[in-house]
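Enquirer: Residues per chain, in single letters:
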Amino acid sequence: MSTTATTTTTDPTGTPTEPTGTAAGAATGRRAPAVRTRPAPARTPFRRVQYVELRKMFDTRSGFWLMASIVITSTVATVITLLVGDRDDLTYESFAAAIGSPMSVILPVIGVLAVTSEWSQRTTLTTFTLVPGRSRVLAAKLLNTLLIGAAGMVVALGVGALGNLITSLITGNDAVWGISVADVAQIVLANELGMLLGFALGLLFRSSPAAIVGYFVVNLVLPGLSGALAAAQDWWADNAGWFDINESRFLLFDSHLTGQDWAQLGVTSLLWIVLPLLVGTRLVLRSEVK
Amino acid sequence: MITVESLSKSYGSFTAVDDVSFTALPGRVTGFLGPNGAGKSTTMRVMVGLTDPGHGEIRVLGRRFAELPDPGREVGVLLDASAQHAGRTGREILTIAALTMGLPRTRVDEMLERVSLTPDEASRRVRNYSLGMRQRLGIGTALLGNPEVLILDEPANGLDPAGIRWMRDLLRGFADEGGTVLLSSHLLHEIEVIADDLVVIGNGRIVAQGTKEELLAGAGTLVRSTDGTALAAALQAAGITARPTSGGAVLAEADLARVGQAAFAAGIAVTELRAADGAGLEEMFLALTAESQRDTVTTTATQGAAA
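Each protein sequence line maps, in turn, to chains A and B. Sequential numbering of the first sequence, starting at 1, is according to my numbering. Sequential numbering of the second sequence, starting at 1, is according to my numbering.
In case anyone wonders, no lab produced these hints; they're calculated from the structure. Quick caveat: nothing in here was measured; it's all calculated off a predicted structure. Just to be clear, a hint being listed does not mean it is correct.
Per the computed footprint, the stretches of chain B lying under chain A, defined by three or more beta-carbons under 8 Å from a beta-carbon of chain A, are [unchecked claim]:
{"hint": "1", "stretch": "43-54"}
{"hint": "2", "stretch": "59-68"}
{"hint": "3", "stretch": "78-91"}
{"hint": "4", "stretch": "244-250"}
By construction, the Cβ of each residue, glycine as well, lies at the ideal position given by its N, Cα and C atoms.
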């Protein structure tokens with residue numbers, strides 16, 4: 001571009017016009033280069049990136065059914081509770097607990113797949129050429145994951161509430177709610193943390209099977225190992241809560257947390273969620289996309 | 001336009017791209033030619049910001065790709081037509097791209113028509129697409145934002161002859177309207193037919209670049225007789241650099257008159273005598289990349305082109 005005259009001309013209104021004059025390049029048989037023939041478009045707004053990422057979580061059969069499974073499993077859990085539970089003793093807490101277990105599996109998987117499906121299907125090639133700011137794409141995915149977690153919990157707990165009301169209609173007793181808004185908030189928080197852990201592992205591994213297995217190792221295998229270690233080692237028994245995220249996160253589901261519990265939750269979240277999130281983000285930002 | 005300035009990229013001790021510089025100009029179709037593993041795809045990935053340049057710089061429309069505010073509206077990219085979510089429909093894939101660029105939905109239907117995917121095909125999931133249909137969809141995605149520059153990696157792969165013809169006309173039209181087209185290929189004939197400028201790469205290095213006319217000018221003359229070896233020997237005796245290829249054909253580095261004269265003087269009946277344009281690029285390609293070729297280049301390598 002330095003060897004031949006730049007032929008983009010600007011008219012008085014400042015709009016670049018079509019390139020003119022090919023004489024400069026005639027000697028080599030080439031047209032003279034123009035740097036730019038049109039004004040640059042506006043930057044892709046984050047809102048658009050976020051909407052597209054949200055849409056991508058629903059627009060395949062697998063994605064759709066994964067989301068639908070929130071409704072389906074919470075309905076199944078509610079119906080089973082209604083059918084097999086002792087109806088006179090059923091409270092909202094029973095339903096919330098029954099719904100909690102499928103949610104604690106599905107939501108983290110959603111968190112994992114929000115990231116890894118791009119890599120397993122190699123759609124990153126398109127995603128990151130349309131939005132080269134990879135951190136914006138990741139931020140959109142993270143936000144959507146948390147939104148889906150919150151919405152999913154609202155739906156699931158709503159289905160449970162419906163089950164509780166139906167129970168009271170059947171038994172004729174008043175519906176017993178038994179859990180406070182704070183308890184519900186704790187359950188939602190516990191699930192959001194699970195999703196974040198899944199999301200972070202997704203970033204770290206960028207492979208669906210590896211990240212999903214990783215999540216269940218953290219959730220199902222580590223507590224057992226930690227317990228075994230605690231049985232053999234007094235120091236670990238006293239201090240495991242500062243290292244094992246499961247200890248304090250599981251408390252969120254059904255207990256009142258003390259100040260120390262919250263502190264342990266914070267510390268273990270830094271260790272198990274924030275740290276892998278940062279490392280994974282760095283890996284994604286720097287990695288070569290193929 | 002695209003400017004590549006002394007780009008180098010290494011993976012450990014392996015140098016994938018070694019000091020590559022070239023420019024793809026507006027209004028021209030630039031063919032990026034090289035054997036498998038020559039560094040074409042790596043260069044193109046660096047071009048669109050998917051791979052970090054180790055050394056050097058690439059600018060598209062005067063900016064680094066990552067600095068383009070809404071790249072899809074300025075640069076259409078197709079690197080791998082198979083890199084799509086198998087569970088999405090063709091229409092959905094275009095819709096996602098259109099939404100990312102903030103384009104109206106009507107643009108999706110326009111584009112489906114432009115790349116000749118029927119509404120029925122568009123509503124099928126991509127896992128059921130042939131490679132040719134995926135290429136059409138990928139080209140549709142690249143063209144969706146009405147870009148000024150097209151970067152296409154092996155776009156002709158999997159297209160049927162009619163599809164290749166269609167793509168050629170499409171890219172020609174795009175360049176004639178002032179757009180910049182960079183397309184890579186190992187399909188020599190395809191590049192020769194469509195490209196205005198050529199960049200030939202082998203082993204990560206540029207081995208030749210220039211306009212097609214410039215590069216083909218040195219291709220010489222193709223002459224044929226019943227005994228190619230004897231003909232080549234006769235031409236060499238007359239001081240013409242010549243080598244037999246196949247089927248009695250000889251590639252000679254001299255003009256038609258001189259070659260014909262030399263054959264006549266040697267008393268050899270010539271069955272064919274013409275400018276070696278058809279064989280030229282392939283000959284050049286094989287010769288230039290001979291050192292980096294996986295397969296040993298023998299004199300029969302030009303069989304297809306000479307026939």
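Enquirer: Now look at each hint and say whether the structure bears it out.
Expert: Hint-by-hint comparison with the structure:
no., hint, in the structure
1, 43-54, "holds (count 6)"
2, 59-68, "holds (count 5)"
3, 78-91, "holds (count 9)"
4, 244-250, "violated (count 0)"
In this structure, the one hint that does not hold is number 4.
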